[in-house]
Amino acid sequence: MRPRTQRVIGFVAFAALVAFVAVLPSFVSDFKAREYSYVGIYLIALLGLNILTGYTGQISLGHGAFMAIGGYTTAILMAGNEQFGGPISGGMKDLWTLPLAGLVAGLVGLAFGIPALRLSGLYLALATFAIAVAMPSTVKRFEEFSGGGSGIQLFGTPELTGSISNVHVLGRSFTPNDWMYYLAWSIALVLFAVAWLILRGRTGRAFRAVRDSETAAVSSGVSLARYKTLAFGISAAYAGVAGGLFAIASAFVNPDTFPIALSIYLLVGIVVGGLGGLSGLVFGAIFIAFLPLWAQGQDLGSLLPDRIVAETQKPGGPAIVYGVVLILLMFVLPNGVGGLFRRIGQLVFGRRRYSRQD
Amino acid sequence: MVIVAAFADFMQQVVSGLAAGGVYALLALALVIIHRSTGVINFAQGEMATLSTYIAWNLTVNHGWSYWPAFVATLAFSFVGGVGIHRVVIRPVERGSVLRIVIVTIGLLVAINGFVVWKWGGEPQQLRSPFGTNTYDVGGVIVAANDIGTIAVALAIVVLLWALFQFTKVGLALRAAAVNPEEARLVGIRVTWMLALGWGLAALLGAVAGMLTAPAVGLDPNMMAPVLIYAFAAAILGGIDSPLGAVVGGLLLGVLLNLLSYVSQYGAFDWFTEELRLPTALLIILVVLLVRPQGIFGRPEVKRV
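So the sequence lines, in the order shown, correspond to chains A and B. So in our numbering, spot 65 of the first sequence is number 65, and the numbers just go up one at a time. Every number in our numbering is 358 more than the matching position in the second sequence, counting from 1.
Worth double-checking, as some hints may not be accurate.
[What the hints assert, rightly or not] What follows is a list of derived Cβ distance ranges for each label pair:
# : chain 1 : residue 1 : chain 2 : residue 2 : range
1 : A       : Glu143    : B       : Arg543    : 53 to 59 Å
2 : B       : Leu522    : A       : Leu17     : 54 to 60 Å
3 : B       : Glu481    : A       : Thr5      : 55 to 61 Å
[Stated by the list, open to error] Not close to chain B: a few residues of chain A, all C-beta gaps over 12 Å, as computed:
#  : residue
4  : Thr5
5  : Phe11
6  : Leu17
7  : Leu24
8  : Ser29
9  : Ser89
10 : Phe145
11 : Asn177
12 : Arg202
13 : Thr203
14 : Ser223
15 : Phe290
16 : Leu303
17 : Arg343
18 : Gly345
19 : Phe349
These aren't lab readings, by the way, just hints derived from the structure by calculation. Just so it is clear, the structure is predicted and the values come from calculations on it, not from any experiment. All residues carry an ideal CB built from backbone N, CA and C; glycine is no exception.
Here chain A stands alone, though its shape is the one from the complex (with noise of 0.2 Å):
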């Protein structure tokens, strides 16, 4: 399919994406929406993850941190620190904390980007699952700045918006379960076109250039430190907005809210939607948030047999689910839900001559 056909249809399905997010509170209960809100919330962080480990061929396991990151920059921004004794007093709108938590998280991915810079292959992933395994730990030694194991809790705070109360919009009201839907949401498209900009661009090839070959990338005149650590700084910045926004819909922070688990299912949900691409990463999105719950026979999983259902009810059975899924997903689309795409984008609009990464 030609260049200019492929970016026809990428519009036609964002413009129907962005219908689809805007159309579907009227059609689910309020409580779904604030289900889906945190699918909006992954695929910030999915997107983020999927420049650096997709596109710049960088692997992180380590981005639930960068999520603690903005989480914890976002709780004490709202509420302070001071009642643990530390110096911040708090006090600002949730809002506003977001871009800080992006810039926070993202100054100190640069900082990381920078002896990461040393490291390739499973040693980065090492490197990286390393401070997601330090975080929980480190959070609660110091606890004069982040609360300790007990955590920041938001609820109620007047800094919270839509807390208790409806929330008024531009002349409409929204329950404060739609609200953090449109909120997480609008937030996540924005930063979708962000990243299609960033990718199609300059910066962009430079990115692909160091994941497929860095010899080639360094003698054709990229710069593998500076985009390397780019790649790290924009996305633990996308990672930092998701983990702000994770602890605005959590309305509370402490050192579980990101645990280990949750930088392991970020990388799985890029594999899932799709190494290098943009369009599967919602359904990697959706298969974070919601494989939980089905595995639990919810959902789509009660059109599993009754007899696996009833083995699902019992402790540890949705992990077992989840784990075989998983691996039987590896089987079957070795290039996730984008790949598929791909593929059937191949089979209708006939064989390309040659294949485009991205």
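Assemble chain B onto chain A, guided by the hints.
Only chain B this time, still in chain A's reference frame:
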């Protein structure tokens, strides 16, 4: 007198550090074997070890076996299980990208952990130590029988494994398949079976590590998660491709962490608390990766363009 007592105390910490380090060394060795042959880091290594330990526990507690027969049966089961996992789950994705294999091992991690909880429940269980709970006084140093036994078993396994790799035909084939799969295939070595064998051996090492860990910390479904991280740190410290490095790295790490918490009681390094045990291990990973990525015993990676 005070100095003597302090020294005895110190030695005690060293001995129990060596025991903990012996366990890290075994699991690190498992990681190194798989990484050398397949280039993969097996994130499910810890959970596989937990499953093995539960089987040993089940045999001794629910089926009335005595300890050592159950130990051997568990090793056999783990070996077969490791080979089976490679044949059924890993081989189909082996040719794809590294990330796919990583995700598959994560899937295994989640599924095995779920299986253990589903089958035996999440509450902690007690696997007794085969070495008893006696302590001995060796020149003023109090050492626990369990610690000594753990060190002995760990060292014995390491020596046996070394002999296997060094002196047997299978060991030679295993090494050949790891170093150069194409040429190994040309001289008639069945490379995929060698890889499966590597997974079997790694599972067996994990089983030993699990059975040695359980008496000290209590058997529960997440028992091996921190041990796996220490094993990562040990493997990186010694050099991810060096079996000797994994063993030395494990022992070093065990002693180092114990001594840190020991001296922190006396005011030195007083920032160190029990919560920081894990982050310290991770700090070691980061520092080693930055200063000497090949580890103590590894050779620097040379890439041809």
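I'd like to know which numbered hints this structure contradicts. Please list them from smallest to largest.
none
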